[in-house]
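Undergrad: For reference, the chains in residue letters:
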Amino acid sequence: MTTFLQACLDGLLIGALYALIGMGLALIFGVMRIVNFAHGAFLMLGMYASFLMFDRYQINPYYGFLPAGILLFIFGYLVYKLLIQPIRNRSEFMQILMTIGIDLILIDLAQLTFGADYHQANIDLVNRSLHAGPFTINAASLLSFGLAAVFIVGLQQFVMRSRPGQALRATAQNRDVAPLMGINVIRIQGLSFALGIAFAGIAGGLLLPALYLFPSVGEDYTLKAFVIVVLGGMGSIEGAAIGGLVLGVAESLTSTYIGNQWALAIDFVLFLLVLSLKPSGIFGRQRA
Amino acid sequence: MSGWRFWVLLGVACAVCCLPLLSNNNYLLQVLFRIALFGGLGLAWNLVGGYAGQLSLGHVAFFGMGAYGLAIFTAHHVPMWISLLLAALVSTLIGGVIGKIVFRLRGPYFTLATIAFAEVLRLGAANLQITGGAIGLSTPSLFTGEAFWKLFYLSAIVLAVLSFLANYWTSRSRFGYYLMAIREDEDTASAVGIDTANYKLRSLLISAYLTALAGAFYGSAFQFIVPDSVLTIDISVQIAIIAMLGGAGTLFGPIVGALLLVSASELFKNEFGERHLLIYGTLIVLVVLFLPEGIVGSLQQHVRRRRKPPASSAASALGRAEVQGVAEQ
Amino acid sequence: MRSKILAAFAILASATLCAGQNTIRIGIITSVTGSQAAFGEAHKNGYAIALDQINAKGGVLGKKIELDIYDDQSKPDQAVQGVSKLVDQDHVPVLIGAYSSENTKAIINPVIQHQVPLLIPTATADNVMDSKSPWIFRICAGANDYAKKTIEFLQHNGSPKTMAIVYEKTNFGQANMQAMKDEATKAGIKLVAVEQYEAKSPDYRAVLRRVKAANPDVIYFCSYLLDATTLMRQSREVDINPRYYTSSGTGFAAAEFPTPKGAGKDAEYTFSVSQWLADAPWPGSKEFDAEYVKRFGSHPAYHAMQAYESLLVVAQAINAAKSLEPAKIRDAIRSTNLKTSAFGPVKFDANGQNQHVVLITQVQGGNYHLVYPPEVADSKPIIPAPKWSERK
Chain C
10 MTTFLQACLD GLLIGALYAL IGMGLALIFG VMRIVNFAHG AFLMLGMYAS FLMFDRYQIN
70 PYYGFLPAGI LLFIFGYLVY KLLIQPIRNR SEFMQILMTI GIDLILIDLA QLTFGADYHQ
130 ANIDLVNRSL HAGPFTINAA SLLSFGLAAV FIVGLQQFVM RSRPGQALRA TAQNRDVAPL
190 MGINVIRIQG LSFALGIAFA GIAGGLLLPA LYLFPSVGED YTLKAFVIVV LGGMGSIEGA
250 AIGGLVLGVA ESLTSTYIGN QWALAIDFVL FLLVLSLKPS GIFGRQRA
Chain W
-12 MSGWRFWVLL GVACAVCCLP LLSNNNYLLQ VLFRIALFGG LGLAWNLVGG YAGQLSLGHV
48 AFFGMGAYGL AIFTAHHVPM WISLLLAALV STLIGGVIGK IVFRLRGPYF TLATIAFAEV
108 LRLGAANLQI TGGAIGLSTP SLFTGEAFWK LFYLSAIVLA VLSFLANYWT SRSRFGYYLM
168 AIREDEDTAS AVGIDTANYK LRSLLISAYL TALAGAFYGS AFQFIVPDSV LTIDISVQIA
228 IIAMLGGAGT LFGPIVGALL LVSASELFKN EFGERHLLIY GTLIVLVVLF LPEGIVGSLQ
288 QHVRRRRKPP ASSAASALGR AEVQGVAEQ
Chain X
405 MRSKILAAFA ILASATLCAG QNTIRIGIIT SVTGSQAAFG EAHKNGYAIA LDQINAKGGV
465 LGKKIELDIY DDQSKPDQAV QGVSKLVDQD HVPVLIGAYS SENTKAIINP VIQHQVPLLI
525 PTATADNVMD SKSPWIFRIC AGANDYAKKT IEFLQHNGSP KTMAIVYEKT NFGQANMQAM
585 KDEATKAGIK LVAVEQYEAK SPDYRAVLRR VKAANPDVIY FCSYLLDATT LMRQSREVDI
645 NPRYYTSSGT GFAAAEFPTP KGAGKDAEYT FSVSQWLADA PWPGSKEFDA EYVKRFGSHP
705 AYHAMQAYES LLVVAQAINA AKSLEPAKIR DAIRSTNLKT SAFGPVKFDA NGQNQHVVLI
765 TQVQGGNYHL VYPPEVADSK PIIPAPKWSE RK
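First to last, the protein sequences are chains C, W and X.
Here the numbering used here is used: the first residue of the first sequence is 10, the next is one more, and so on.
Here the numbering used here is used: the first residue of the second sequence is -12, the next is one more, and so on.
Here the numbering used here is used: the first residue of the third sequence is 405, the next is one more, and so on.
Note that these hints are calculated values from the structure, not bench results.
Just so you know, these numbers come straight off a predicted model, no measurement behind them.
Ideal Cβ positions, reconstructed from N, Cα and C, are used throughout, including at glycine.
Treat each hint with caution, since some may be false.
[To be verified] If you only want the chain W side, here are some residues facing chain C, beta carbon under 7 Å, derived:
no., residue
1, Val77
2, Ile81
3, Val84
4, Ile88
5, Ala103
6, Leu141
7, Leu278
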């Protein structure tokens, strides 16, 4: 029983970070219906940004993730203006192609700038653990969890309460009618894209202490983000948050009871199960 | 293009494609093999992605199943050429099963599901004994001897021609019209009485069979396969990009796409070393920005616009401006 | 205007031709991009240092050498294409490469078909040498040697009875796991746990907890660069205390591993096989390390050294053969008999395998120390590894 609960605990801790990544993608998909294949690459950029601050200026990633997030917000907006906005009305094919192109460019740019070699940010906190009864909690993971939770709740409140947030939801619900409500769809889409990317950057910064950093580190996370978004229901932010936690726990349990190498497979198995049984996801509206 | 003119042109094209057989440069033949093979792959994908409009990014599943099928069946003492056919048939069957599940979904859900299936296969191949795990398997060479690459190149041309013919036939048949109807508006097509699930599945089966054959030849040519060489998502992406950049839903689009992208990729690698992915990605971005219908598609549109009488082109331009104006609010 | 262009073109063409005639091209296949790019980079760096060294001494056969590098993108089929491009198109007389075991395995047949000698710098899987072809040479020791040496060391130092193998899900990991499985069974050591893990996922606690439950005397890790750091850190967290932590090199032998940038204090007491150390008692070893740090800002892992040494051996062979004919170069490589070099003595056996000595190191006081074989050891091994709770 302890093993089971410990596994769940570990899963929840990493799940919060997954939630951040998923929510970012859910935002982009919900408002713009774009399947952002470059999501992981932006996460990777967030990691590199945090790493640079850590390496050059000794800024702890647990502070550094904030400027990384802001940098990525700006960068995301630029990418939107230059590359996404011009093709807003093109076919889905072309939009996906575009994000794939962006993905390739970002990865290669990262390799050219930083080299292919692996990097790591070693922080003392990562080596500390707290003990609560029979359970071990890694201190760094707990901090990541806490910070991620703040942002998760923050985003949810923003989307629910604030005016731009409401505009976001309106555009997500019906892109064609939203302009009639006085919503500047282009600007809202730009905001959602930038925000989604910023969240990927924040997640990257928070993941830095736990992961190895190299140009293609984000690729697996793009796929995970898709799974999370589908699990939670396309376009639902709360769903993505829950989806992230569910995925984290599922991976952890698989790792513990079946084997670490199958953890990635469980992502896809869950994905296919949800798609087959309830395509609109846990929180999704009935709109497959 | 009709009747005998078509067949003559096809014959001439084939003859031209056979010219490289006169060369003895193995490297050139290998690159041409790749171009021809990916041309065939793009054309096969075009049936599902172009005509039926279903953006599949999981086609590598069939590619890989073809390659692994060939390797596994031959390892169990099935004669090589029968292994080839068996591998393609098994891939098609599994494709059918996947199709039944996946075609219930639409748009991005569909795409993501195809990715998921391919990834599950890759993980399976990387973890199971029968596929050799991460260590991989040796594939038998379907051809041996001096003319090795010439024969493989020829096979790739044959496959490409088959895929082309499949496209040609589809584009002129009722089957093809149904697929295009599904592409344009699936709900309406269904309402009008078209059995959408059935036709989508059929296009997938043909596509899967051709893709699996290509995969088997690829595995055989390079004699050694690992999950990372025949089951990765970037092969799916490459196939889709070739068709889309060339012009999805057009007859010649995938051919143009393959010619351009595969040779560009090889050229970039030799000239630019590390920067080649950057240039490749930039190429994609530029084409998406400026050639939305793909190269062949844009050419066709250009030609069509030239042919239209001025009055109606003004009207259509006006119409487009209206729609854009509202959206741009 | 047209004549100007033509003239420029002619000058360019003749310049390239001249260049071609005045340099000798050596074909190299490695992973410049793709999942193995980090190691491809190590290779490139090693080759670069060797290149400059050789050219500074006058090059080969009186001409400078030039590297013709083909990027296999970490994929075996691309590596095969590389053989064709380098040999059929560029007519190189000799090949060095590839990086990974699967890419190297893939090029064996094409290389034999093209009848050009191949010197393998880094691939350790043993199936790579299965062909027993006279055209294939390997400079590094294989996975089998890693396992044999580790078992030998263990039997001379306490003879543990049970072992757990924790390996990465890649060709490297699987090959080393298999090699150790065979050797341990031969030596009568019971394998109580054999656990695979996904290289890129940073959470190995579940795996480590299962290993802890099996209570092995010794753990054998088969890990790459950074897994090693995470594994040791998480081993402390999970509190596993075998008598010995051993490994099949790479991650556990990386220069950063015992430093704060790596596992720091958690690396202490781990044993590793090693192909090379900066502090190894071989001439040129420290100089290579210093040059690498000067040029690239970090310490070289042994992959870089293997690349460096391979190019040196090939250059030396061409000089000895006094010819650019592949067959003659092949014979010259076969007769290589370097009593010592920065990578130790180099001599290839009948199968083309260099009899490279496998070393066992242990991290003591934050540094690698040679603890086995006794002839080259500079320190005594510390056994058992103190429990985590007892360490400072």
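Undergrad: Next, verify each hint and record whether it holds.
TA: Against the structure, the hints:
1. Val77: violated (20 Å)
2. Ile81: Not OK, violated: Ile81(W) not within 7 Å of chain C, min 14 Å.
3. Val84: Val84(W) check fails; min Cβ-Cβ to chain C is 12 Å, beyond 7 Å.
4. Ile88: holds (6 Å)
5. Ala103: holds (4 Å)
6. Leu141: violated (32 Å)
7. Leu278: violated (10 Å)
Checked against the numbered hints above, the structure violates hints 1, 2, 3, 6, 7; every other hint is satisfied.
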